[in-house]
Amino acid sequence: MVKLIKYLVIIAVISVAGIFAWKYFFGKSEINVLKNRIYSLASEASKKPGESLPSAIMHAKTVEKFFTDPCQVDVGTHMFSGQYSQVQIGANSIRYRYMFQKVTFTVHDLEVTLTGNDTAKAFLTAELNGLTKSGQSVSAFRELECTLVNRDGKWLVSKVAINKIIEK
Amino acid sequence: MESFKKLLITYFRCWTPHSGKSFSDSARDFCVPSFNGAFLVRLITIIIVGFLVFNYLLRPCYIKGGSMQPTYPSLGFNFCWRGKYWFKKPKRGDIVIIKFTRNVLLLKRIVGLPGETVEFRDGKLYINGKPLPEPYVKNECDWNMPPRTVKPGHYYAIGDNRSMSINKHKFGQFRKQRLYGGPLW
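First to last, the sequence lines map onto chains H and X. All letters in the first sequence, in the order written, are residues 971 to 1138 by our numbering. All letters in the second sequence, in the order written, are residues 1399 to 1583 by our numbering.
Hint data in this document are derived by calculation from the structure and do not stem from the laboratory. Built from N, CA and C at the ideal position, the CB exists for glycine as well. Please note that the accuracy of each hint is not assured.
Stated by the list, open to error - Taking lysine-lysine and the DSS-like style, the derived pairs with C-alpha atoms no more than 27 Å apart in a straight line are: (1) K973(H) <-> K1031(H); (2) K1404(X) <-> K1138(H); (3) K1522(X) <-> K1091(H); (4) K1403(X) <-> K1138(H); (5) K1528(X) <-> K1549(X); (6) K1091(H) <-> K993(H); (7) K1138(H) <-> K1528(X); (8) K1124(H) <-> K1005(H); (9) K1134(H) <-> K1522(X); (10) K1129(H) <-> K1482(X); (11) K1134(H) <-> K1404(X); (12) K1091(H) <-> K1486(X); (13) K1403(X) <-> K1091(H); (14) K1419(X) <-> K1138(H); (15) K1138(H) <-> K1489(X).
Stated by the list, open to error - Listing some non-contacts, in silico: residues in chain X with all C-beta distances to chain H over 12 Å: (16) I1525; (17) K1528; (18) K1549; (19) Q1571.
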């Protein structure tokens, strides 16, 4: 009897842990949807070596659909700051794809918080690793703050800002 | 010598209890284990536990740079204890490790808490307009920085070594989510 109770307790603990793990990793909560959206954007923005032009155009068209029209880009006093339409984002995407032989965007330390029913903020560290057509390897990290809005059931990035990790 | 040998024998007998093996056989089994199921389980357990401990609890860190001298030398090794702030908030004077990039961590000391103003006047640090006693700072400096307020959910951290120019020292406020832990020693 004691053995049976012991087995039942073990099964109960494993089941509860399994349910939590399943919810945490595969649950369809809004936070997970948003996280997957950011990871998908990074994946679409990456370029594999030997990418064909039709494939590049297809990826660029997919990338532009992740953003609102227009989208605010705020990178301090940099010349790239300003508002970008979806078409401009797509065109810039094609331009940087042309510059690189291969490029990988990786997202680290992604934190998503819902700020309203249809708005959310994402803090992440974006890592870019690429090899230019001239053979120069490029590696950069940026701490990004993205504002996302829900438009017709789809989460779109409406603002991207570069944050300083440590600011005097 | 005899007592040491006895200790070894006891140890290896404990390792293989009631096996009836001689000391040399037990020692050989320990040093050159046979590749059986039990060995595989032990190996996998060690790998998993090692991975979890050294990734999520005690992250090995190589200290490079002298921003925390003389408290920490410019070259050294330490572990980042990730659990230091799981159940408590950082307080002024705590030495913390901040996640800077994927593989780069910053070792700094917290001087300003959320909502406080931080200022440097002729090398002296002022918090909310009052000078902060800093016995850990051994180098005189002439830093000047106008007052700035620490944002909510942020902490202000500076290194102990102020001998370099203010522009060359990496310090400032950071989000509390960037707090990675504290040095083990």
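- Where does the structure disagree with the numbered hints, that is, which hint numbers, in rising order? Hint check: 1, 2, 3, 4, 10, 11, 13, 14, 18 and 19 fail, others pass.
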